[in-house]
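Chains as they are written, first to last, in the working numbering: chain D, 338 to 447; chain G, 666 to 786.
The hints are simulated quantities; they were obtained by calculation from the structure and are not laboratory data.
A portion of the hints provided could be inaccurate.
[Said to hold, decoys possible] As a list, the in silico SDA-like pairs of lysine to any residue whose alpha-carbon atoms are at most 20 Å apart: (1) G/708 with D/345; (2) D/384 with G/723; (3) D/443 with G/707; (4) G/708 with D/379; (5) D/384 with G/680.
[Claimed, not checked] Computed beta-carbon distance windows for the label pairs: (6) G/667 with D/416: 35 to 45 Å; (7) G/707 with D/419: 36 to 46 Å; (8) G/680 with D/350: 46 to 56 Å; (9) G/723 with D/353: 40 to 50 Å; (10) D/413 with G/678: 40 to 50 Å.
Keep in mind the model is a prediction, meaning the values are calculated, not measured.
For each residue, glycine too, the CB sits at the ideal point set by N, CA and C.
Here's the letter readout for the chains.
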Amino acid sequence: QSALTQPRSVSGSPGQSVIISCTGTTNDIARDQYVTWYQQNPGKAPKLIVYDVTRRPSGVPDRFSGSKSGNTASLIISGLQAEDEGDYYCCSYVGDYSYVFGSGTKVTVL
Amino acid sequence: EVQLVQSGAEVKKAGDSLKISCKASGYTFTRYWIGWVRQRPGKGLEWMGIIYGSDSDTRYSPSFQGQVTISADKSIGTAYVQWSSLKASDTAIYYCARLSLGYSGYELGYWGQGTLVTVSS
Chain D
338 QSALTQPRSV SGSPGQSVII SCTGTTNDIA RDQYVTWYQQ NPGKAPKLIV YDVTRRPSGV
398 PDRFSGSKSG NTASLIISGL QAEDEGDYYC CSYVGDYSYV FGSGTKVTVL
Chain G
666 EVQLVQSGAE VKKAGDSLKI SCKASGYTFT RYWIGWVRQR PGKGLEWMGI IYGSDSDTRY
726 SPSFQGQVTI SADKSIGTAY VQWSSLKASD TAIYYCARLS LGYSGYELGY WGQGTLVTVS
786 S
């Protein structure tokens, strides 16, 4: 199972919106609604920010939102804030309790 | 409060064996799956495999099948990853994560703090 494809980096000024894409295949992203996104700050463990394509865990700001079309999922960060800097990973369930992660995207707030 | 507390950093030599742990608390261990994720220095996340707390049913990523052994001891609510012969390429941070935020789901909702394994050649 190859890693899902994400842009290496995206950047934006405070208050702007950025979109991170996550491209897979019919065997992962397109197969069902179990796409998740994780935020990882330097030296920290990943943190779940979006699950089931569009749902947010309690405590995650609503400026984070997810969507999916075909074999591409997207994470949108609206109203970018300095604290949003970090690495972001998509992840797709591929059946039989197996998963594949994206290659990761570094978000920089200018 | 759900917590996953992992064992401390390890420094080993190539060829050594190793077992790292992930102790769960704040929920019923036997009702959930716990997965393992590798992160090599400066690299992305890689799925290793997963184990069910009740009966130790285990699934491995093809990339890790035969390279590691995932196990669990439900009497103490702890999951493990072990290597019989480490390689320098096993140098990484290893994270455990519990499946689902609620009673069911496929998201990795709770994560341990990570265990750094350094293997010298």
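Results of checking the hints against the structure:
no. : hint                         : in the structure
1   : G/708 with D/345             : holds (11 Å)
2   : D/384 with G/723             : violated (24 Å)
3   : D/443 with G/707             : holds (12 Å)
4   : G/708 with D/379             : holds (12 Å)
5   : D/384 with G/680             : violated (33 Å)
6   : G/667 with D/416: 35 to 45 Å : violated (29 Å)
7   : G/707 with D/419: 36 to 46 Å : violated (23 Å)
8   : G/680 with D/350: 46 to 56 Å : holds (51 Å)
9   : G/723 with D/353: 40 to 50 Å : holds (44 Å)
10  : D/413 with G/678: 40 to 50 Å : holds (46 Å)
Hints 2, 5, 6, 7 from the earlier list are contradicted by this structure; the remaining hints agree with it.
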